[in-house]
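Participant: Taking the hints into account, I'd like the entire structure generated from these sequences.
Residue numbers (full-length UniProt numbering), protein chains in the order written: chain G, 1 to 428; chain U, 1 to 428.
Hints in this document: simulated from the structure, not taken from any laboratory.
If you're wondering where the values come from, they're calculated on a predicted model, not measured in any experiment.
Heads up, a few of these hints could be off.
Same chains, same names: a pair is fine if it fits in one copy or spans any two.
In silico lysine-lysine, DSS-like type, Cα no more than 25 Å apart, as pairs [what the hints assert, rightly or not]:
1) LYS97 to LYS52
2) LYS6 to LYS337
3) LYS401 to LYS170
4) LYS337 to LYS23
5) LYS6 to LYS330
6) LYS97 to LYS384
7) LYS348 to LYS232
8) LYS330 to LYS125
9) LYS52 to LYS23
10) LYS125 to LYS6
11) LYS337 to LYS125
There are 2 protein chains.
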Amino acid sequence: MGENRKIYAALLGAGTVGSGVYKLAGMQEEDIFLKTGAHLEIKKILVRNSGKVREGIPQELFTDSWQEILEDPEIQIVIEVMGGIEPARTYVEEAMKAGKQVVTANKDLLAEYGDPLFEVATENKCDLQFEAAVAGAIPIIRPLRQSLAGSQLTEIMGIVNGTTNYILTKMSEEGMGYQEALDMATRLGYAEADPTADVEGYDAGRKIAIMASIAFSSRVTFPQVYTEGITKITAEDIRYAKEFGYVIKLLGITKLTGKGIEVKVHPTLIPDSHPLATVRDSFNAVFVHGQACDDAMFMGRGAGQMPTASAVLGDVIDVMRNIIHGSCGKIGSDSHKKLPVLDVEDTKSRFFLRLQVENRAGALANIAGVLGNNDVSIAQMVQKRSHDGIAEIVVITDLVKERHFNDAIRIMEGMSVVREISGIIRVY
Amino acid sequence: MGENRKIYAALLGAGTVGSGVYKLAGMQEEDIFLKTGAHLEIKKILVRNSGKVREGIPQELFTDSWQEILEDPEIQIVIEVMGGIEPARTYVEEAMKAGKQVVTANKDLLAEYGDPLFEVATENKCDLQFEAAVAGAIPIIRPLRQSLAGSQLTEIMGIVNGTTNYILTKMSEEGMGYQEALDMATRLGYAEADPTADVEGYDAGRKIAIMASIAFSSRVTFPQVYTEGITKITAEDIRYAKEFGYVIKLLGITKLTGKGIEVKVHPTLIPDSHPLATVRDSFNAVFVHGQACDDAMFMGRGAGQMPTASAVLGDVIDVMRNIIHGSCGKIGSDSHKKLPVLDVEDTKSRFFLRLQVENRAGALANIAGVLGNNDVSIAQMVQKRSHDGIAEIVVITDLVKERHFNDAIRIMEGMSVVREISGIIRVY
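Facilitator: As structure tokens, then:
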């Protein structure tokens, strides 16, 4: 291979990430050549409006025709950074069927259509790389697929949504309420105009589905993930958490058990000494436990133009090396096994429960009785304070089946002594 | 490739790591097949005494003859976990020249002979993989070579020696003196009988040399690394650090500057809010900064039988995939550039300086004057206390050239007003 070997790529999308990738590919031009032995040239960029001027990108690169890219035999790599399911899914599939390698940052796509897309990749011996789809610039996909492949992984816990971590940090450190913190995140551009996917845990759910699939070699899709967001977390919850030595984080959690895979997203009380507790603001972090590798944690920028572009370009460099060595499609599908995903009701959690009850003889015993009758054993139970005849009770349970805990809650909801169930948060 | 495809490997060494790799390869047998499409079989194990019985390993695998392994055409992977320079270097080189792929956990070897060994690897289109050589089970080599390859990395800081981190943690959290903490580390097996390589920073120096080479694409060897160990750190230093909001960690630090590469190992005061400050006991962590990826941190087990075996086996799995796809030697040498490594005297640091001076008029001004005359600007200077006519002065400098600071110290050593220079520690 000479000085002039070139590998051509097309970008699908010229939004924040797309223009970041274009810019970074220019900045790193010489380094890419030194690392791979070939020059990378972005030959075409697919956009909806090819007439629109975008600063720093030559006009002649834009096209609104996918066919033009698909049918260009020189283009060997398709970099999909348009997001959403369609038309991204069709383009990615058609690209691979045409023998092109694909790098994508699209978590929605992978979390729902990972399996069929990997089948197409395997059939066509194509690379389908997606480091940027989970936790932005943090290398997590490649470590899971390669570096940690020698260890049986048993658990992954991640702060994989920067928006909610920012909101919870503000609530915790500055005493803001949920709405105030959300408004601030929106003003600063951390939250989108419609923050649903972030605050309801859907975004984190897609990422944990992707990580679970790789870690346990068995496909987990987004609809299989139990998700609970942060919209019900109050300043009061945060205050109580602190008092007990905990911080509240929105975690994506997946575990390999003898019966199948547990996979859920929910606010979680974690001890303030846990490494994940120190991950603040919009930072992301993923905590991995494996039988041989023990505990490992990866922290970094989970979003943002250049961090995401960096992850995309790392994949592109790997694909270029694969093209040069004729080794595309080396890793292939991650889902060799067909493990069941457990119903959340069949998984176990510890719970923090806050109740307002009538302050009369036997009330505490009543609550304890209902929990006990439903196989919910109590780790800690305190009566916090009482006024106007109402006492506040805080319970932390042992690890219990979610079904049993929910049964107990339903019974409590019908008890006249219980005035309000003020908060239920899972505990790590 | 059928159900029965086998890839044969040989282990060089059956010590702690070697027997861990053998055990883990057995435990992960089915997973390795699912991930690669081939079975891994450890066919031979090179040991000094092939008659010695080692629990859990069949006697017939042992051989004391390197030639037997080298000349066995079935053996495609050589896993070198014997450590030390010779005969490891010769074996690794001969293995690659015979077309075998190499996985090694040998940091000494790579930190001194990385360049010639990678040349042999490139010439013979061989894999030479070494994830386990730096920070044990923490995936750091592959992220640096691949995931973060899209970003210009500018700085790496790592706690990459578990022994010294354990000692410093005990000193900091339990008020132990250096010797007491070292004795405890020795009793627990964290420190070797001769702890020199750990406590003098040589072990960390080898690891930072390897990481610098990859991150900056330019070979850095261990002799080029400035090393300063932790043997002079006192309980007093730790106490002062706390008072100023710092913790003391032994860091390997490397930076890319316009003039070349800075690379050093020394005790460092880091703010207690920094992510590295929370890395306790024998854990390791590596903090990376890059232009596009921003800050990222990797934490985990830096040593131990199974964590190290996990990293080795991750590499073996990657090599197996490369063998199957005919893509060995895909990444090759990391040192495309020939950047100079700066003399430590030409690098810049912030310093914490603790002095005992005669408590007389003008003493403080004298000290400040010497610093100022040598271009050492002062960020903070306090007189801590005085008794028996001796005052203790603590100075924290701005970022200054090490040469200038050393000049100032040499002058102070000759000043009658200065009774003792009690501590000099760099500050992040």
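Participant: Would you mind marking each hint as holding or not holding in the structure?
Facilitator: Results for each hint:
Neither within a single protomer nor between protomers do LYS97 and LYS52 lie at most 25 Å apart by alpha-carbon distance, with minima of 30 Å and 56 Å respectively. In this homomeric assembly, LYS6 and LYS337 come within 25 Å of each other (Cα to Cα) only across copies, at 21 Å, whereas the closest approach inside a single copy is 39 Å. Proximity of LYS401 to LYS170 under the C-alpha cut-off of 25 Å is found in neither arrangement, the shortest distances being 32 Å within a copy and 39 Å between copies. Taking identical chains as interchangeable, the C-alpha atoms of LYS337 and LYS23 lie at most 25 Å apart only when they sit on different chains, with a minimum of 23 Å there against 40 Å within one chain.
Taking the shortest Cα distances, LYS6 and LYS330 sit within 25 Å of each other both inside one copy (22 Å) and across copies (17 Å). Taking the shortest alpha-carbon separations for LYS97 and LYS384, neither the intra-copy value of 63 Å nor the inter-copy value of 73 Å comes in at or below 25 Å. Only within a single protomer do LYS348 and LYS232 lie at most 25 Å apart by alpha-carbon distance; the minimum there is 21 Å, versus 50 Å between protomers. Proximity of LYS330 and LYS125 under a CA criterion of 25 Å is satisfied in both settings, with 8 Å inside one chain copy and 17 Å between copies.
Taking the shortest Cα distances, LYS52 and LYS23 sit within 25 Å of each other inside one copy (18 Å), while across copies they are farther apart (60 Å). Both within a single protomer and between protomers do LYS125 and LYS6 lie at most 25 Å apart by alpha-carbon distance, with minima of 21 Å and 22 Å respectively. In this assembly of identical chains, LYS337 and LYS125 lie within 25 Å of each other by CA distance solely inside one copy; the values are 20 Å within and 33 Å between copies.
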